[in-house]
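**Q** Same order as they appear, the protein sequences are chains A and B.
Take the working numbering: the last position of the first sequence gets the number 64, and nothing is skipped along the way.
Take the working numbering: the last position of the second sequence gets the number 1232, and nothing is skipped along the way.
These are calculated hints, taken from the structure and not from any lab test.
All residues carry an ideal CB built from backbone N, CA and C; glycine is no exception.
There could be a bad hint or two in this list.
Among chain A residues calculated to face chain B with C-beta under 7 Å, some are [stated by the list, open to error]: (1) L4; (2) V6; (3) W8; (4) D23; (5) V28; (6) I38.
The residues making up each chain are set out below.
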Amino acid sequence: MESLAVRWLFPGQEIVVDSRCLDCGESVSVRLRDDELIDVTPESAVGYMPSPFSRSRAGSGAFN
Amino acid sequence: MNLFRSEEHVRRWPLYFQAADDYVMPVSDWAEVFGSSMFRNRLDEDYLAQSQRHLDHYHEALLGKGRAIPSPDRVLLTVMFTDIVDSTSQAALLGDQAWRSVLQQHNEMTVTHIEHFGGTAVKQTGDGFMSSFASPTRAIRSGAAIRDAAKELGLQVRVGIHSGECEVLGDDLAGIAVHIAARVAATAGPDTVVVTEPVVAAVTGSGIDFADQGTHNLKGVPGTWRLHTAIL
Chain A
1 MESLAVRWLF PGQEIVVDSR CLDCGESVSV RLRDDELIDV TPESAVGYMP
51 SPFSRSRAGS GAFN
Chain B
1001 MNLFRSEEHV RRWPLYFQAA DDYVMPVSDW AEVFGSSMFR NRLDEDYLAQ
1051 SQRHLDHYHE ALLGKGRAIP SPDRVLLTVM FTDIVDSTSQ AALLGDQAWR
1101 SVLQQHNEMT VTHIEHFGGT AVKQTGDGFM SSFASPTRAI RSGAAIRDAA
1151 KELGLQVRVG IHSGECEVLG DDLAGIAVHI AARVAATAGP DTVVVTEPVV
1201 AAVTGSGIDF ADQGTHNLKG VPGTWRLHTA IL
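Just chain A, with the same shape it has in the complex (with noise of 0.2 Å):
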C-alpha cells in the first residue's frame, strides 16, 4: 500500500513517512493522523507517480 495510505492502517494515531529524496537523498518526512495532514517537510516535498502505473511493477500477471 502506497505509505500516504498506510495511516488506515492505524486509525487516530500519529504516522510518521521518513524517506529519502531519490534526486539528492535528504530527507523528506511527511506526518498524518487520519485525514489530518500534521507536516511536511520540507514545504516543498512532492510526489511523483509514474503513469501507466505498469512501468513500475513490470512483470507482474498478464505481462508474462
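Start from chain A and add chain B according to the hints.
**A** Below, chain B without anything else, positioned relative to chain A:
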C-alpha cells in the same frame, strides 16, 4: 509513489520520464487522493464487491486535483483462447462426476502447458482458457501442446491466437485484440490451432508452417480477417 524535496528535484532525477499522464503533485494533494475510499476502505469486508465505486472515488479525487484519469495501459501481446470441442455432449456421455474429473485434468494440463511456454493463464472461460504470451511462437507451440495433451484425455480442443495491443486492467486483459483472438478460436475446427495474419507475419523464421484458411468475417470485429492453421 516516490517522494522528492521539490518539483525541481523530480525534473532532474535521471529516471524521470515526462509524459502527458505522469503525476507530480504536492504531498498535501497526494494525501487527499490517498484519502479516497479506494485506500481508506481497503480493510472493508465488501471492498472487492465495491471496487468500482472505490475506483470512481479515486478518479474523482484525481480530477479534483486537476489531474486526468490514468489511461489504460496498452501492451503488445499475443492472446490465445482454447476451448473444448463439444463439451456438452461429452459431459452428457461421461456423467457429471467423470466429466468433473476429466475437466480438472484438462484444466491442470492446460495451465501447465501455458506456463511451460512462458505464458500466463489470464482466466478460465467456460471450458477453456484465455492466456497471454510475449512471444507468438511460444503461444502457437503452447496451443499445439495443449491440443496434443487433450487428445490423451479423450478431448478435442480448438485454439485461436492473435497478436495485438491489449489494455491491461490489473491481471486481466481487454480490448479489440482480445475479442479477435476469441472469435478466431470460435472459427477453429477440432484439434486445430488457428492464427491471424499478424501472428503469421510475426513468427517468420520460426520454422512453423501454416495453411491458408482464406478470409473470414469475425462477429463484431470490423473488416475481414485472413486466417491460417498452424501445421505442427
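**Q** So, for every hint listed, does it hold in this structure?
**A** Status of each hint after checking the structure:
1. L4: 4 Å, holds
2. V6: 9 Å, violated
3. W8: Where the cut-off is 7 Å and the nearest Cβ of chain B is about 5 Å from W8/A, the hint holds.
4. D23: 4 Å, holds
5. V28: Status holds, d = 4 Å.
6. I38: At 10 Å from the nearest chain B Cβ, I38/A fails the 7 Å test, so the hint is violated.
Violated hints, listed in ascending order, are 2, 6; each of the other numbered hints is respected by the structure.
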